[in-house]
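Chains as they are written, first to last, in our numbering: chain A, 1 to 266; chain B, 1 to 253.
Simulated from the structure, these hints should not be mistaken for lab results. Treat the hints with caution; some may be incorrect.
Restricting the straight-line Cα-Cα distance to at most 35 Å, the calculated cross-link-like pairs of lysine-lysine (DSBU-like) are [said to hold, decoys possible]:
#1 A:Lys197 / A:Lys182
#2 B:Lys80 / A:Lys102
#3 A:Lys102 / A:Lys136
#4 B:Lys80 / A:Lys182
#5 B:Lys80 / B:Lys188
#6 B:Lys80 / B:Lys220
#7 B:Lys188 / A:Lys182
Estimated spans, in silico, between C-beta atoms of each pair [what the hints assert, rightly or not]:
#8 B:Arg111 / A:Ser163: 43 to 49 Å
#9 B:Ser76 / A:Met14: 51 to 57 Å
#10 A:Ser163 / B:Gly21: 21 to 27 Å
#11 A:Gln173 / B:Ala18: 27 to 33 Å
These figures come from a predicted structure and were not determined experimentally. By construction, the Cβ of each residue, glycine as well, lies at the ideal position given by its N, Cα and C atoms.
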Amino acid sequence: MAVVPATRSRISQMNWFWVLRWFLAPILGMGLLALWIAVVEAEYYPRFILPHPFDIFDRMQVLYERGILERHVMVTLKEALAGLAFSIVLALPLGYIVARSKWLSALLLPYLVAIRAIPVVAIAALIVIWLGTDIKSKIFVVTFITWFPLMEATVVGVQNVDSHLRDLMRAYQANPLQIFWKLELPAAMPNLMSGLKISATLAVVGAAVGELIGASQGLAYLIVFGRGTSDAPLVFGAVGILTVLSLAFYGVVAALEHFVLAWRRA
Amino acid sequence: MTNNGSLVASNIYHAYDAAAGRIQALENVSFSLGNETFTCLVGPSGCGKSTLLRILAGLVQPESGSVSLNGSTLDSPRRKIGLVFQDATLMPWRTVIQNIMLPLEFTGLSRQEQRRRADSMLELLGLSEFANAYPSALSGGMAQRLAIGRALIYDPEVLLLDEPFGALDALTREYVSEELLRIWSQHKKTVLMVTHSIQEAILLSDRVLVMSPRPGRIVKDVTIDLPRPRSLDDMLGTDFVRLEAQVRAALRR
Ligand SMILES: Nc1ncnc2c1ncn2[C@@H]1O[C@H](COP(=O)(O)OP(=O)(O)O)[C@@H](O)[C@H]1O
Ligand SMILES: [Mg+2]
Numbered sequence: 001m002a003v004v005p006a007t008r009s010r011i012s013q014m015n016w017f018w019v020l021r022w023f024l025a026p027i028l029g030m031g032l033l034a035l036w037i038a039v040v041e042a043e044y045y046p047r048f049i050l051p052h053p054f055d056i057f058d059r060m061q062v063l064y065e066r067g068i069l070e071r072h073v074m075v076t077l078k079e080a081l082a083g084l085a086f087s088i089v090l091a092l093p094l095g096y097i098v099a100r101s102k103w104l105s106a107l108l109l110p111y112l113v114a115i116r117a118i119p120v121v122a123i124a125a126l127i128v129i130w131l132g133t134d135i136k137s138k139i140f141v142v143t144f145i146t147w148f149p150l151m152e153a154t155v156v157g158v159q160n161v162d163s164h165l166r167d168l169m170r171a172y173q174a175n176p177l178q179i180f181w182k183l184e185l186p187a188a189m190p191n192l193m194s195g196l197k198i199s200a201t202l203a204v205v206g207a208a209v210g211e212l213i214g215a216s217q218g219l220a221y222l223i224v225f226g227r228g229t230s231d232a233p234l235v236f237g238a239v240g241i242l243t244v245l246s247l248a249f250y251g252v253v254a255a256l257e258h259f260v261l262a263w264r265r266a
Numbered sequence: 001m002t003n004n005g006s007l008v009a010s011n012i013y014h015a016y017d018a019a020a021g022r023i024q025a026l027e028n029v030s031f032s033l034g035n036e037t038f039t040c041l042v043g044p045s046g047c048g049k050s051t052l053l054r055i056l057a058g059l060v061q062p063e064s065g066s067v068s069l070n071g072s073t074l075d076s077p078r079r080k081i082g083l084v085f086q087d088a089t090l091m092p093w094r095t096v097i098q099n100i101m102l103p104l105e106f107t108g109l110s111r112q113e114q115r116r117r118a119d120s121m122l123e124l125l126g127l128s129e130f131a132n133a134y135p136s137a138l139s140g141g142m143a144q145r146l147a148i149g150r151a152l153i154y155d156p157e158v159l160l161l162d163e164p165f166g167a168l169d170a171l172t173r174e175y176v177s178e179e180l181l182r183i184w185s186q187h188k189k190t191v192l193m194v195t196h197s198i199q200e201a202i203l204l205s206d207r208v209l210v211m212s213p214r215p216g217r218i219v220k221d222v223t224i225d226l227p228r229p230r231s232l233d234d235m236l237g238t239d240f241v242r243l244e245a246q247v248r249a250a251l252r253r
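If we strip away everything but chain B, and leave its shape as in the complex, we get (with noise of 0.2 Å):
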């Protein structure tokens, strides 16, 4: 019945108890995510976006509601959820290749695969030529495409971005980006990314959520028709701009 990579998130409702009282983050937030879908979510800061996030992984339970991967319920971490954050967050003392082989050091694969895996998905970002570097040597750039890929590489089902290019300047930012699509069109997975820019999430996405000022609400839930592949000439289009009208609209309510 369920398709595999399919989460749902049912009256999500979340607090958090602060020295100045109860702070709700989250009020009856409810969405399907189909399989092999991308899907932005955009929110004013400080709604609730990186809240949901942590509970879709599974790392914060919610108060009330549930999330559900494949039709079962989740209630701790899961492999099959990963996970990139604003900062590349990798191991300093670790190499490129170590670094992005982590993941796989927790699922009994013979030393030989792990090492192949790396190899191929290094290979995939290009930065096969970094391999034995340290993440001091990277740029912001490679170290967020590192990131990305530590997150691909045990193959999960579903893809959860928080603000992943949010430290990176404008152009690494549309390389990035680009290379984020070009990487996900080769391993196909549902995406839920958190993002700033109304412009990114309607470029990358199959359709953009639009949640409400604390208590975060999705207010808006737009599809996002535009054929694929899309460029950055798309946002000239009538079709982009009119989507972009409506997604501020949503925002500013």
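Extracted from the complex, chain A is given alone in its bound form (with noise of 0.2 Å):
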């Protein structure tokens, strides 16, 4: 008899989870989105600094009819993009051997804490002197933010491969690239899938702190830009659109994800 309460209240749950999920939460956006909107009409502030969504969404229609939009986009997501591929050409190997090597673990691992622990704007300066304000500078600073949440993924995946699993690969007289992709891969590859998510998103951020550093384009440099001019509608726009950048890096690895580790779900 107790049985049945308990079910009840569960399916209870999965519907209130349900509602809030695909009818509170939009209804809660939407409220925002037009208390932001009488704020506005109010003239409660001036329309230079808070604009109204309507002027963000028209500024930014004219800048994609001239073509001008796309190419920022188009700058800071290849930043991202080729930043984030050093990221994981670096930080993979790294982990890997940080794993695997107790001695150049305890000899690098300090070293490698510490690089993780400068701030990337405290080097600004550095950057700009050594790698100038051109693509190189701002895929370092994505690099920079984005190899150590891969590297650490990489080092518990790899540390967490089931010795048992090892030894059996030992007996079976398997050489170490066959122990790599038939074992310490495929183990390790959750870890990895939520390290690159972490990574991924970040990479936008790294691509927009290095635009702030110093460029000539991107949509942070389209920030910069909208602060000289005053130009609070193209501010709002850029930020909305680096948002949804990240958002979307996030996305394409969450699917990755789902293909990859499609086995967890059988």
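From these two lone chains plus the hints, build me the complex, please.
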């Protein structure tokens, strides 16, 4: 008898969750938007401080029609992707080495953690002196911000490989390359995907930070430009697009994860 | 002179360096396992049984002493030895058939031959209908049967099992141990199995080795001369009870 109420409350919990997610959450968003519009239309703040959502939309549309928006989006996208690619190439082997070699890990880990602790803005001047203000400096900043979560995920993933499976691979006389492809890589894949989700989101942040340090194009350059010309709709629009870009990066990795880790749902 | 699958351990000593100092795990362990015999190893926990199995598998070098298989010294892992652990240790990202094929992927057999052997092993295990399922869909008993099949699929000469039924409930345990006997009767191997259950040891084996608390030594070697095939009812017979008392006394010492 006790089972029935328990089941019923579980179902009602699920219904509530569904209502919350697909009904109340969008209403909350629309409510906030309405509040924003109401505040603007009451002329509580001057419009050049808090623009009307439609002003932002119009501003973006103008830029889009003149092909300007696309150019800046592509620049930021390219920086984020290139930086993330570098980061993967750097962090995965490094993480593997730290996980597998006690010696190298004891030697390298303090420095890796110290590098990670440097605030990137603090070395902005150095970055500009060494790399200038073209795409190289942005790739550097993106890599600098994204490599650590990836390395950390690799270390944890590789260290947690089941030691009995390692024993079995040795008993099968698998060579190191086979152990990597057939055991370590798939075993670490859930961790790698989690790390990549974090880093992918940070990649867009990194590209924006890199552009703020000094740039002549890109979405964060539009923000700097908008500040100079007191163009609040431009700033709002660029921030919005950066956010969407960041979410899109996350979404692509989440989709990749869904595909690569299909076995988890079986 | 030596048969296929005769495993000899001579004067094995092994110690670990731990934070608290040296831990002598094994002290002068010697025995020889005859071809196609089933031997069980019992001993208090922490006495060095797993260490001994890892040494026999060639995964760990003993501090002194040696292991030989068919008369030649074993100093690295060999495909002639199959391993089963307490947990099934399957690869969760591989399907059942991919798991059982894993050992064959290092042998140079053709893909078709690998597949053929995997199919017939799944048949023997009664797991054919799960071929394309993932291990998460298997019960504990099925997973452990799969692990046993995986150890046997490359036709090793020796099978080492470290508390293979330790994680199973009592009923499943009986069932899987009967399955092991059935499979063993079709694929005769030299078997050494670690277990905590004295009754299980006597029911399954030709011989029971008893180890002392750490540092582990072999303190008793009991021959189990009960006729085969055996059944759970044999546990009530006087011979069985006598052997059980003998093993228990050796463990108590
Ligand atoms: N890698 C290791 N490092 C240090 N000590 C170990 C290690 N492996 C096992 N030991 C110690 O050696 C002893 C024997 O362990 P083990 O062979 O696992 O015993 P059993 O399998 O009989 O329970 C135990 O006291 C254990 O703590
Ligand atoms: Mg053990």
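Open item on the list: Against the 35 Å threshold, does the CA-CA distance of Lys80 (chain B) and Lys182 (chain A) hold or violate the hint?
Closed with: holds, 21 Å
Task: Given pair status - Lys220 (chain B), Lys80 (chain B), alpha carbons within 35 Å - done: Holds: Lys80 (chain B) and Lys220 (chain B) sit about 28 Å apart, inside 35 Å.
Task: Hinted pair Lys188 (chain B) and Lys182 (chain A), Cα distance within 35 Å - done: Holds - the C-alpha atoms of Lys182 (chain A) and Lys188 (chain B) are around 30 Å apart, at most 35 Å.
TODO: Take a quick look at whether Lys80 (chain B) and Lys102 (chain A) sit within 35 Å of each other, Cα to Cα.
DONE: holds, 31 Å
- [ ] Note whether the CB distance of Gln173 (chain A) and Ala18 (chain B) lies within 27 to 33 Å or breaks it.
- [x] holds, 30 Å
Task: Verdict for Arg111 (chain B), Ser163 (chain A) (Cβ pair) under range 43 to 49 Å - done: Violated, at about 30 Å.
Task: Satisfaction of hint between Lys136 (chain A) and Lys102 (chain A), Cα-Cα up to 35 Å - done: holds, 34 Å
- [ ] Would you mind confirming whether the straight-line C-alpha gap from Lys80 (chain B) to Lys188 (chain B) stays at or under 35 Å?
- [x] Given pair Lys80 (chain B), Lys188 (chain B) holds - Cα atoms ~13 Å apart, limit 35 Å.
Open item on the list: Is 21 to 27 Å respected by the C-beta to C-beta distance linking Ser163 (chain A) and Gly21 (chain B)?
Closed with: holds, 23 Å
- [ ] Hint says 51 to 57 Å; check whether the CB-CB distance for Ser76 (chain B) and Met14 (chain A) agrees.
- [x] Since Ser76 (chain B) and Met14 (chain A) have Cβ atoms about 55 Å apart, the given range 51 to 57 Å holds.
Open item on the list: Need the status of pair Lys197 (chain A), Lys182 (chain A): alpha-carbon distance at most 35 Å?
Closed with: This hinted pair holds, its Cα atoms lying about 23 Å apart.
Hint check: a violation occurs at hint 8 only; the rest are consistent with the structure.
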